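J.: Sequence:
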Amino acid sequence: MTVSTPPAGTITMFSTPWCGYCKRLKTQLDRAGIGYAEVDIEQDPASAEFVMTANGGNQTVPTVLFADGTTATNPSLIEVKKRLA
Numbered sequence: 001m002t003v004s005t006p007p008a009g010t011i012t013m014f015s016t017p018w019c020g021y022c023k024r025l026k027t028q029l030d031r032a033g034i035g036y037a038e039v040d041i042e043q044d045p046a047s048a049e050f051v052m053t054a055n056g057g058n059q060t061v062p063t064v065l066f067a068d069g070t071t072a073t074n075p076s077l078i079e080v081k082k083r084l085a
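Residue 3 in the UniProt record's numbering is what sits at position 3 of the sequence shown, and the numbering runs on without skipping anything.
Derived from the structure by calculation, the hints contain no laboratory data. Owing to the predicted nature of the structure, the values given are computational and were not obtained by experimental measurement.
Below 35 Å or equal to it, Euclidean Cα-Cα: the simulated DSBU-like pairs (lysine-lysine) are:
| no. | residue 1 | residue 2 |
| --- | --- | --- |
| 1 | 82 | 23 |
| 2 | 26 | 81 |
| 3 | 26 | 82 |
| 4 | 23 | 81 |
With beta-carbon atoms standing in for the labels, derived distance ranges:
| no. | residue 1 | residue 2 | range |
| --- | --- | --- | --- |
| 5 | 52 | 32 | 25 to 31 Å |
| 6 | 53 | 33 | 26 to 32 Å |
| 7 | 5 | 33 | 16 to 22 Å |
| 8 | 8 | 57 | 28 to 34 Å |
| 9 | 44 | 82 | 24 to 30 Å |
From the three backbone atoms N, C-alpha and C, an ideal C-beta is built for every residue, glycine too.
Work out the full structure: start from the sequences and follow the hints.
T.: Here is the structure:
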């Protein structure tokens, strides 16, 4: 998979199945009605590389990619909403 920016008003969330912070953010996004695509970095090497680049060599999740190409690591729902506004 090639990492590309999501459509305006949505995000791409890079995660792993075992990540509690990812599960929490997904629940919050669902409740807020914010659209997102989820990518498991353990199943997609290109996404794992992207996350490492965004996080100084670390595979830290959740890492969120916004339509403007910026990222946030383990953002709060408030931060996601603010950056989507």
